[in-house]
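Student: Letter by letter, the chains look like this.
There are 2 protein chains.
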Amino acid sequence: MEARVNRQILLVEKPAGRLGPEHFRLTEAAPPAPKDGEVLLRVRYISLDAANRAWMQGATYRAAVEAGTVMAGGALAEVVESRGEGFAPGDLVFADTGWQDYAALPARELIKLPKITPLTHLLSVYGIAGLTAYFGLLHVGRPKAGETVVVSAAAGSVGSLVGQIGKIKGCRVVGIAGGREKCDWLTAELGFDAAVDYKAGPVFKALKSAAPQGIDVYFDNVGGDILEACLAQMNVRGRIACCGAISQYDGAPSGTGPRGVPGLLVIRRLVMQGFVVMDYFKARDQALGDLQSWVAAGKLKVQEDVIEGLENTPRALIGLLAGENRGKRMVRVG
Amino acid sequence: MEARVNRQILLVEKPAGRLGPEHFRLTEAAPPAPKDGEVLLRVRYISLDAANRAWMQGATYRAAVEAGTVMAGGALAEVVESRGEGFAPGDLVFADTGWQDYAALPARELIKLPKITPLTHLLSVYGIAGLTAYFGLLHVGRPKAGETVVVSAAAGSVGSLVGQIGKIKGCRVVGIAGGREKCDWLTAELGFDAAVDYKAGPVFKALKSAAPQGIDVYFDNVGGDILEACLAQMNVRGRIACCGAISQYDGAPSGTGPRGVPGLLVIRRLVMQGFVVMDYFKARDQALGDLQSWVAAGKLKVQEDVIEGLENTPRALIGLLAGENRGKRMVRVG
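The listed protein sequences correspond, in order, to chains A and B.
Mind the numbering: the first sequence is residues 1 to 334 in this note's numbering, read in order.
Mind the numbering: the second sequence is residues 335 to 668 in this note's numbering, read in order.
For the record, the hints were derived by calculation from the structure and aren't laboratory data.
Keep in mind it's a predicted model, so treat the numbers as computed, not measured.
Mixed in with the good hints there might be a few duds.
Unchecked claim - Under the rule of at most 25 Å between Cα atoms (straight-line distance), these lysine to any residue pairs were calculated in the SDA-like manner:
#1 B:Lys539 <-> A:Pro253
#2 B:Lys539 <-> A:Lys199
#3 A:Lys205 <-> B:Pro546
#4 A:Lys199 <-> B:Gly589
#5 B:Lys348 <-> A:Ala232
#6 B:Lys478 <-> B:Thr521
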């Protein structure tokens, strides 16, 4: 067996304010040796997600990441050596490998994946992003044909799929994104009915013209002011699917929440529901079946943003938090 | 027919800040003559509700009340003369008569009520308050035996019933109320497991010891800081039934909402749901049946706070907003 080096990116310290390159450090170690029940993995593509930043703020649906350790993160990886049941070299898996070339993990923590082309779709439309869009919109938001669906971070990995699934279900779809270019892409390429550029002026007013019938389902990826603007325009019995709060992750969390909670919830009988995609995994096969058929039929366009090289993972995340990506961002490692 | 006078309480102007007696004026007019299809009603008991104040802020689930008109409000009333189908003199009804001795209303806007003893129960446990507690807790909050239910404005008309229904369903119940006396009443008389006096110090800490296992269902009558304190202590998959926001009604509405929205909703997969009791009226018979059997079995104690005289209605509402009532407040008119 050739001599191998395991490059690792450590979280040096947890950021108090905005995340920067200084919070990470690249180091090298020998690849780990799998113990009994474990599997040695070669990381192929690391998934970048706004949640990576949220993990630095404290415990979420998982334990907080700690300073001085390899930065946590989900990845598409290939089995190199297996001492765990059910896995053989060459198998593809999704796992929380962290930001490194190799990881040894218990077999029970791995999700086996099929070999499809392109592989990257396993991290985008058939990965957490696709399932989050699917379950969040259809199971939490529950849009009916003819209703108006609004989604924020609409050019991102989840948002770009939410809007397209909304169109497949016969809804009027409005995306909120940063910049003219992204907005044009949403309407011209992805079939959104309208897009609101939150960098171009107050969202409330632009949204009012983009969604003149009010909002029936708001898929919230951002929280903060945009959530507040949407809340005020919700129709009676509207549903807000709370997926994330990217506006709140990179800095000190806000000391207040959106105006209108709980007053508007009562008056308009709204439901606001937070969800975590893992809770819906029992219905995963159905979801993947639908997503695959929509991709095959050309109804669902998949946008990916692949950055090359493990060493670029920190800046890939920093850029994602600044909104520079379009579609699913990932880092190709090996 | 004897000469009759219709005393009326007008809303002189909508309050910009706190509601005071100066916002109302007592006047007299001739009783209205019912038109074809209408019914002339003699008001017996006027229901006082925090929502009365919310109606002054703007449209809610009903149109806003307007300055210069008779103050709106639901009441238990008796049919004096009927030109509408299905009603005869002597019938009891619930209707939005407004604050006055007599009202003429279309028959279709009246809800016929049975003649029970005491009549006042038709406005408390078998009225809007009881149904709100029942549907809000059981259909929106959906508590399971063994779970922890927290209710705010717990000594009020709705809250006092919510807590007792929670106990009937096998939950641990914590009430939040203002003052030692109310809190003692909740635990000593109504069977609450614990009570938190929000006037005695920060709610967060006191709630932490009163609900050491966290909160599974929070029935929110108040909004504001207390909602924020509860939100932070919700368990995974907890449910918040948003019934009202009494802390926000009497003055300028808050410019912000509770911290933790939407962040905590996502992390803990919470549902916050606003509701209006009328939406559940199709299941009214079932609810009334349950409430009656619980009252008959002595499991549900009904507390009423009856003020005498139409002229005292303004101060009855002002006092309710200040939290001076225990149980259902109403005004006996005639």
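Student: Confirm or reject each hint.
Tutor: Verification of the supplied hints:
Only pairs whose Cα atoms come within 25 Å are accepted, and Lys539 (chain B) paired with Pro253 (chain A) is accepted, the gap being roughly 21 Å. Between the alpha carbons of Lys539 (chain B) and Lys199 (chain A) the distance comes to roughly 41 Å, so the proposed pair goes past 25 Å and is violated. With a C-alpha separation of about 45 Å, the suggested pair Lys205 (chain A) and Pro546 (chain B) falls outside the 25 Å cut-off, and the hint is violated. Taken as a hint, the Lys199 (chain A) and Gly589 (chain B) pair is honoured in the structure, with Cα atoms around 23 Å apart against an allowance of 25 Å.
Our distance criterion of 25 Å between C-alpha atoms is met by Lys348 (chain B) and Ala232 (chain A), whose separation comes to about 23 Å. Taken as a hint, the Lys478 (chain B) and Thr521 (chain B) pair is honoured in the structure, with Cα atoms around 21 Å apart against an allowance of 25 Å.
In terms of the numbered hints stated before, the structure departs from hints 2 and 3, listed from lowest to highest.
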